[in-house]
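Trainee: Below are the chains, spelled out letter by letter.
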Amino acid sequence: GQSLEQPSEVTAVEGAIVQINCTYQTSGFYGLSWYQQHDGGAPTFLSYNALDGLEETGRFSSFLSRSDSYGYLLLQELQMKDSASYFCAVRSNDYKLSFGAGTTVTVRA
Amino acid sequence: GAVVSQHPSWVICKSGTSVKIECRSLDFQATTMFWYRQFPKQSLMLMATSNEGSKATYEQGVEKDKFLINHASLTLSTLTVTSAHPEDSSFYICSARLAGDPYNEQFFGPGTRLTVL
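Taken in order, these protein sequences are the chains called G and Y. Number 47 in my numbering belongs to position 34 of the first sequence; there are no gaps in the numbering. Number 82 in my numbering belongs to position 61 of the second sequence; there are no gaps in the numbering.
Because the hints were derived from the structure by calculation, they are not lab data. It cannot be assumed that every hint is accurate.
In silico DSS-like links for lysine-lysine, alpha-carbon gap of 27 Å or less [stated by the list, open to error]:
| # | chain 1 | residue 1 | chain 2 | residue 2 |
| --- | --- | --- | --- | --- |
| 1 | G | Lys109 | Y | Lys85 |
| 2 | G | Lys109 | Y | Lys35 |
| 3 | Y | Lys62 | G | Lys94 |
| 4 | Y | Lys41 | G | Lys109 |
So that you can see chain G by itself, here it is in the shape it has in the complex:
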């Protein structure tokens, strides 16, 4: 089975940097994804790491260390619209995603 841990809440001010950590225990690992979900909305894809290292996409970056079963999502230059829930998800060999419990990010002015 899959087990993922991430912080439940993070609060920061506009312009700040936030790092959301995700640790996982899996029976089969093919990659770590990150999704954003605004209240009542659909999850939207942010990033995917299959190999160790840092992937940068605009203000968002994601990191993976397979040997440590650990990854993080880095949100830079925080904006009010970044207030949302962020989920890490592990991909298994049949393309299924197992989601973490989610981290609620609140951005304050």
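Starting from the known structure of chain G, fit chain Y onto it as the hints suggest.
Mentor: Just chain Y now, with coordinates in the frame of chain G:
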């Protein structure tokens, strides 16, 4: 591109009735679709994997006779909640993946909020 729609967006039904939710990939063919449910302030829980032309694969603990899934074409999967009860009230979300996508991105529909009275 890669848009997934769901219909209806919300539905209220009486206990004991059945409800069908449609999931469509609008601009791509999806050989695999996934069905999730999400309770308020909680994570997405995978219910089943739907493959075109074959039987769905259900996750442990999900009753396949209660949650009927049909994937009749490469652009349409349906979830029918049979004999719905108040505890089935939830947010049901489908997703689809593009075959060969190196990022393993799943494209999610907007979700269907089911309320069973």
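Trainee: Could you run down the list of hints and mark each one as holding or not?
Mentor: Going down the list of hints, with the structure as the test:
Under the criterion of a C-alpha separation no larger than 27 Å, the hint pairing lysine 109(G) with lysine 85(Y) is consistent with the structure, at around 18 Å. Restraint check: the Cα-Cα separation between lysine 109(G) and lysine 35(Y) comes to about 32 Å, which exceeds 27 Å; the hinted pair is violated. As the CA atoms of lysine 62(Y) and lysine 94(G) are separated by approximately 19 Å, the hinted pair is consistent with the 27 Å bound. Distance hint between lysine 41(Y) and lysine 109(G) is fulfilled; the C-alpha atoms sit about 23 Å from each other, no more than 27 Å.
Hint check: a violation occurs at hint 2 only; the rest are consistent with the structure.
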